Amino acid sequence: MKVIVAAGTPGFIGGGAAELAFSVDRALRAAGHEVELLWVPSYEITSTLLPQLAGLRMHDYSDEADHLIALRWPAHYLRHPRKTVWFLHEFRTLFDLAGYVGELGSLQPGDAARATLLARWERLVLDEARAVFSNSQVVADRARRSLGGFEMQVLEPPYPRAIPDPFPFAGGSHVVLLGRVAPIKRADLAIRAVAASPGDWTLTIAGVPDPPAFGVALQTLVDDLGVANRVNLRLDWISEDEKLELLERSALVLNLAFAEDSYSYVTYEGWAAGRPVITVSDSEGIAHAIAEAGGGLIAEPDPASLAAAITDLLADPVSAAAAGAAGRNWVTAHGTTWDDATARLLA
Amino acid sequence: MRSSERTYVATAFVPFRWRRVDAVAARLVAELRNSGIDAERLRLPVTMTEQGAAGSAAAASLVNLSWAHNVICLEFPCLHLVADRMSAFRVRGGLDDHLLRHDVVARPPASRFAPDLVEPGGAAGYSSVPACMPPGFLGLELRDRGVITDAADRLLIVSLHASCAPVAQEIADAAPAALVIQEHGGGMHHDDPETRLWQALDDLPPGPFQAVHVVVPATDNAAPLWVPELAGTDEAWTLVGSHGTRSVTDSTGDSRAAWSSFASGLLT
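Chains as they are written, first to last, in the working numbering: chain A, 819 to 1165; chain B, 4 to 271.
Among these hints, one or two may not hold up.
Stretch-level coverage of chain A by chain B, calculated; a stretch enters the list once three of its residues show a Cβ under 8 Å from a Cβ in chain B [said to hold, decoys possible]:
id	segment
1	874-885
2	966-972
3	1039-1050
Counterexamples of contact, computed for chain B against chain A with all Cβ distances above 10 Å [stated by the list, open to error]:
id	residue
4	Arg-9
5	Ala-33
6	Asn-37
7	Asp-87
I should point out that these hints are in silico values taken from the structure, not numbers from a laboratory. Source: prediction; values computed, not measured. All residues carry an ideal CB built from backbone N, CA and C; glycine is no exception.
The following block holds chain B by itself, in its conformation from the complex (with noise of 0.2 Å):
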């Protein structure tokens, strides 16, 4: 029998569009379930005007679930839901960028939150969440776009930091088909190196590639979550750690792995 911890993996409804934070919603669930928790997703109507933004922040605020153990909130309006325990982040492209970016401000209480995810501050007053890069999203987007396929014959190297440039070179020379795509300029916690690298991925050549690579700090908690994913299966991918104090290849664990202890971060 499952656990009786029923957990709502919460998100908006925005009917016939593929995005991310749905597909990050839909793994998370799945995990969530394999780990033992009774997961289900939960999807909020909402409509993104100014003023239906506040209406849907209203509305939100009226549906109750005290009675389930843990509501995991993806994005707005999700965190105004009345729950007894409640835990969030944050999925780059999610519904609270949109209200970010247009200054549409629904600030829900800083109580909702799960204290040990709070990072006080932000962009517009917002209380935000951190910008916590889920596992195998961008893995996903990857396979979306047909970058990755099962028959995949090329190599694709990101660097999301200056830092990494050199180890990223390496791996290049190494493999003269590969593809290098540099993105310097920041750390993962420190700029938006998300936006830098999905702009620079729409610019890819046709894929598909045999591996990706993605070479990161060694020192980032976040990457060793969604690296696996890259290559759309466990055994394709590389982390390499840019410091030049230690080289992880294929050692952080399989995606399942991944995904577990992310999942179970969120519950702690």
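Same shape as in the complex, but just chain A (with noise of 0.2 Å):
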């Protein structure tokens, strides 16, 4: 079968949907069938948002492709008769990050009229598909209020790459925040803790700044709050090799991202290398899966409580291998298979 992946992408950057794209496209090809992957490049301004979703819905692939499989949005504009939606957000300015000022901007004038006209379009392009899956519970949850009550089954993506073994719990005192450095990922609070917290526990930050300015931002905060010795700022793209001799080295993982879609890759790239994961209580999807694995801890979205939370964690290393434990069961024993994902998409 010939299947087109569409999936959008801010474009220059990684990050978890962009993975998503690629395990679909490896699970489809292991399957046999022929896959051309579409990068759509999403939106981000909304005074041209409709203008830019409406010449995506003058493309119709009927005659290329058996199939469409629709990620990250806004792909699923795009028209086939066999269309599945894999959905795993929405436009986050105009819906659940809408007031939201870290990172996207406030509102501008017309937003509110243009977020009424968007969940209609919403609704226009999603029943028009064979099928809509959404990556967890929050984004289902998320899409039944906003878009009046459309319902959506819950596909977890499984783990991207073939599980790797569990590091040896060491314990130690080292702590690392993995991916994307954007505001919203708060790597700031992370620092902030740092600088709050009278241990010695050392932090290292690693991934791509987005905006390259947030990078710069960061260095001037650990310089003024005095904790470059502690702080390693590892701002670049990584290798899965270094990732995973950061993951090793380190005692626990922490992921911080506000509003959070899903468990979010990170989540599970500790929890498959054993070690426990601290998020906060803001930070939805990552924060729902660490209550239902037991593999970490929640503080509060503040420097003193996630310094707390660090603290306990490090001094009592056999309730942190526990939680890395538990997390890691929750990534071998949890969710679905490739094989099965692949059939679900395509059915």
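Using the hints, put the two chains back together into the complex; each one sits in its own frame.
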């Protein structure tokens, strides 16, 4: 079968959504299908949003492919009679992140009307799909609220690669925060937690700053707080091998993203390595997963609370190891396989 | 860390078909990255009926990429993108050719072109960019056709200009296994040697060939960019100047350097 896998992308930056697209591509090819990946530029500026979506609607791939799988927003605006949508999130600026100023900017005049129209369009393009899956219960719940009761089936993505062997838990005092270094991921909160903690634990932040100016701001924050001797900023893309090396040396993993859609791959990778994960209470999908798996702690989103949670867990390696093992168990036992996932996507 | 110069290399999205323009785009992205440029491919949805072409152009014109530093356009409808800085070249067989052949003219504003790459006029009133032959695409095509393999044992000589014929014949005489393709009738920039070359290659007997020697006018500036990859390795090619003033053999650099030069030329 010829399958187009389409996914929105902000461009020039990796992340969970791109990882998912590559995973779907690999799984479909392994199942014997021909696959083309189409990256659709995603739009952040609300004033030009609707015309760009109208442009996407001009394209119908009925003649070129047997099936279209739409992943990250706004790929599902493409047309195909056999279209399956794996919904990762809405246009967040106008929906679940409306009013969140940390990364996306404040709402613009006319955005309320755009949100109303966009909700109608979303229903239009989702209703024409053969099936609509969400990547988490959090996303399904959001869609039900914002799209007039629209129901999605939850299909949590399997681990993107072969699950690596866990690293023996050796305790220590090294904490890592991995992934895209964007304001919404709150690496700054982790740095402030270092400053708020009397302990001597150290923190490595590894990932691509997005935007680049945010990396500069983090360095300034480290200097201003006088914690340069405890914080290592590795602000660049890191390889899988480097990531595994960092995880092996770590005692625990931080994942502090605000209003995350799902458990997020960083949580998955930390748990696969056998490490506990600490998040904060407004991280939504991450906190939901940690509560379910028992794979770490949930602090409040302030430096003192986060520092206390980190210090407590580092001081109790038995509990830390147990939480890491619980997370590892969740990764290996939870959800579906890629064979099952692709079968459902093409059904 | 990579340069913050974010550059899109843009083509149309034509799924499930091997196209030279896609191979060129992939290679261009790789070389830009090797040069420290943060480059990515961008493939635009397109519908190639007359009505669909207009719609595709309109859809592309709604995509605002002003936040990217550069957009390099290889074919329709990418020149319709909204970008602050854009450069372009045409790849034989790309969708621009299809549009021109069918007189479906979706003409982008000339201001979207990088000024130094614009050639005014052109077929059907289309403001064409130079038909610049990018490095390596001929080599990719020959490899794709199985003409060139690592186990090659024959020699192919392609002569692209009437004035090259004597030199090509000299090579042929010196290499009994040589197969000579003579394609005369115009210079690289005066006619359409690429099309005639492809037609000739279609008639090739089965390869493989030990090396590919391409005979072009020594004054031609485009040739050194793409000739090195003809034989698939950096060593096994020869570029022969036909005006008798110089003979260039394995001296115009490796293919990496040629691509790098070509890529950086699009960004200056």
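Far enough from chain A: is every CB of that chain over 10 Å from the CB of B:Arg-9?
The assertion about B:Arg-9 is violated, with a minimum of 5 Å to chain A.
How does the segment 1039-1050 of chain A fare against chain B when you require at least three residues with a CB closer than 8 Å, holds or violated?
With 0 residues closer than 8 Å to chain B, the segment 1039-1050 of chain A misses the three-residue bar; violated.
Residue count check for the segment 874-885 of chain A against chain B: does it reach three with CB-CB under 8 Å?
Held - the segment 874-885 of chain A has 7 residues with a Cβ nearer than 8 Å to chain B, which meets the minimum of three.
Check, residue by residue, whether the segment 966-972 of chain A contains three or more positions whose beta-carbon lies closer than 8 Å to a beta-carbon of chain B, and give the verdict.
Three-residue rule not met by the segment 966-972 of chain A, so violated; n is 0.
Per the stated criterion, does the least C-beta distance between B:Asp-87 and chain A lie above 10 Å, as a non-interface residue requires?
holds (14 Å)
Given as non-interface: B:Asn-37, which should sit over 10 Å from chain A by C-beta
holds (15 Å)
B:Ala-33 non-interfacial with respect to chain A [C-beta, more than 10 Å]:
holds (15 Å)
When each numbered hint is compared with the structure, violations occur for hints 2, 3 and 4.
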